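Given the coordinates of chain P, work out where chain F should sit on it, guided by the hints.
Chains P and F are the protein sequences, given in the same order. First residue of the first sequence: 2, per our numbering; consecutive thereafter. First residue of the second sequence: 45, per our numbering; consecutive thereafter.
Since the hints were made in silico from the structure, they are not lab data. No experiment lies behind these values; they were computed from the predicted model shown. Heads up, a few of these hints could be off.
[Claimed, not checked] The calculated lysine to aspartate or glutamate pairs, modelled on DMTMM-like cross-linking and capped at a C-alpha distance of 25 Å, are:
no., chain 1, residue 1, chain 2, residue 2
1, F, Lys113, F, Glu59
2, F, Lys93, P, Glu27
3, F, Lys93, P, Glu108
4, F, Lys66, F, Glu108
[As the list claims (entries may be wrong)] Here are the simulated distance ranges between beta carbons:
no., chain 1, residue 1, chain 2, residue 2, range
5, P, Leu83, F, Gln89, 40 to 48 Å
6, F, Ile156, P, Lys81, 34 to 42 Å
7, F, Leu100, P, Lys80, 45 to 53 Å
8, F, Tyr83, P, Lys81, 45 to 53 Å
9, P, Glu27, F, Pro51, 32 to 40 Å
10, P, Gln56, F, Gly97, 15 to 23 Å
11, P, Gly102, F, Val127, 29 to 37 Å
Built from N, CA and C at the ideal position, the CB exists for glycine as well.
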Amino acid sequence: SQTIHQWPATLVQPVGSPLSLECTVEGTSNPNLYWYRQAAGRGLQLLFYSVGIGQISSEVPQNLSASRPQDRQFILSSKKLLLSDSGFYLCAWHPGQGSTGELFFGEGSRLTVL
Amino acid sequence: AQSVAQPEDQVNVAEGNPLTVKCTYSVSGNPYLFWYVQYPNRGLQFLLKYITGDNLVKGSYGFEAEFNKSQTSFHLKKPSALVSDSALYFCAVSGASGGSYIPTFGRGTSLIVHP
Numbered sequence: 002s003q004t005i006h007q008w009p010a011t012l013v014q015p016v017g018s019p020l021s022l023e024c025t026v027e028g029t030s031n032p033n034l035y036w037y038r039q040a041a042g043r044g045l046q047l048l049f050y051s052v053g054i055g056q057i058s059s060e061v062p063q064n065l066s067a068s069r070p071q072d073r074q075f076i077l078s079s080k081k082l083l084l085s086d087s088g089f090y091l092c093a094w095h096p097g098q099g100s101t102g103e104l105f106f107g108e109g110s111r112l113t114v115l
Numbered sequence: 045a046q047s048v049a050q051p052e053d054q055v056n057v058a059e060g061n062p063l064t065v066k067c068t069y070s071v072s073g074n075p076y077l078f079w080y081v082q083y084p085n086r087g088l089q090f091l092l093k094y095i096t097g098d099n100l101v102k103g104s105y106g107f108e109a110e111f112n113k114s115q116t117s118f119h120l121k122k123p124s125a126l127v128s129d130s131a132l133y134f135c136a137v138s139g140a141s142g143g144s145y146i147p148t149f150g151r152g153t154s155l156i157v158h159p
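If we strip away everything but chain P, and leave its shape as in the complex, we get (with noise of 0.2 Å):
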């Protein structure tokens, strides 16, 4: 069976620091990633998603980059984190083209910036 790993979990990090989240994909080959981030626990702001090694595509312009060094790993990244780059992010998958099946979601990776 497939399964998502996110990790860390939690992390406090102070302003102008780098960042780096990495979500990892097991038990399925070449599936679409995603980065989502969620504010005030509320509504997902899609971030990033790939269909395919060194493919990123970026919805919104800001700090954060991702990038996809392995079929099945995604790594979410920051040079210089801000204040408003706090938030709950959650890395998802799908198996890609051709499917038209739901997303599987990890478990979050809570950041506070100070």
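For chain F alone, coordinates are given in the frame of chain P:
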């Protein structure tokens, strides 16, 4: 462009009563519709989906949803609410799947079930 509206920020219901969480959508072509639930500090969990076929879809934890094409709605329902159903519920829609599969999520509805 596709969109989803969840008109209620919060729904309050007494335990044992039926519940409805509303969702309307807009999409080109046939819609693929989904409901997810999120408990505090957790990821979203899939509840149910409509792709094609019977308009009444049954899902996890006793939830069901009715697809209404004429009203472009996909309301989530449960005959008898439990306190443990209290959570944040998201409706999502997508059009035909392609290489870039990006569903659109509603803003979420907070369901509070009172004992």
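Straight-line alpha-carbon gap Lys93 (chain F) to Glu108 (chain P), limit 25 Å
holds (21 Å)
Please test the hint of 29 to 37 Å on the beta carbon pair from Gly102 (chain P) and Val127 (chain F).
holds (30 Å)
Outcome of range test on Cβ distance (Gln56 (chain P), Gly97 (chain F); 15 to 23 Å)
Violated - the Cβ-Cβ distance for Gln56 (chain P) and Gly97 (chain F), about 33 Å, lies outside 15 to 23 Å.
Does the hinted range 45 to 53 Å hold for Leu100 (chain F) and Lys80 (chain P) at CB?
Given a distance of about 50 Å, which is inside 45 to 53 Å, the answer is holds.
Supplied distance hint 32 to 40 Å, evaluated on CB atoms of Glu27 (chain P) and Pro51 (chain F):
holds (38 Å)
Sort out whether Glu59 (chain F) lies within 25 Å of Lys113 (chain F), counting only the CA atoms.
Violated, at roughly 30 Å.
Just to be sure I understand the hint, the distance between the Cβ atoms of Tyr83 (chain F) and Lys81 (chain P) should be within 45 to 53 Å; is that true here?
violated (33 Å)
Evaluate the given range 40 to 48 Å for the C-beta pair formed by Leu83 (chain P) and Gln89 (chain F).
About 30 Å separates the Cβ atoms of Leu83 (chain P) and Gln89 (chain F), which means 40 to 48 Å is violated.
Is it true that the C-beta distance of Ile156 (chain F) to Lys81 (chain P) lies inside 34 to 42 Å, as the hint says?
Hint holds: Cβ distance 39 Å, inside 34 to 42 Å.
Taken at face value, is the distance from the CA of Glu108 (chain F) to the CA of Lys66 (chain F) at most 25 Å?
holds (12 Å)
Does Lys93 (chain F) pair with Glu27 (chain P) here, judged by a C-alpha cut-off of 25 Å?
The given pair, whose Cα atoms are some 23 Å apart, holds under the 25 Å limit.
Checked against the numbered hints given earlier, the structure breaks hints 1, 5, 8, 10 and satisfies all the rest.
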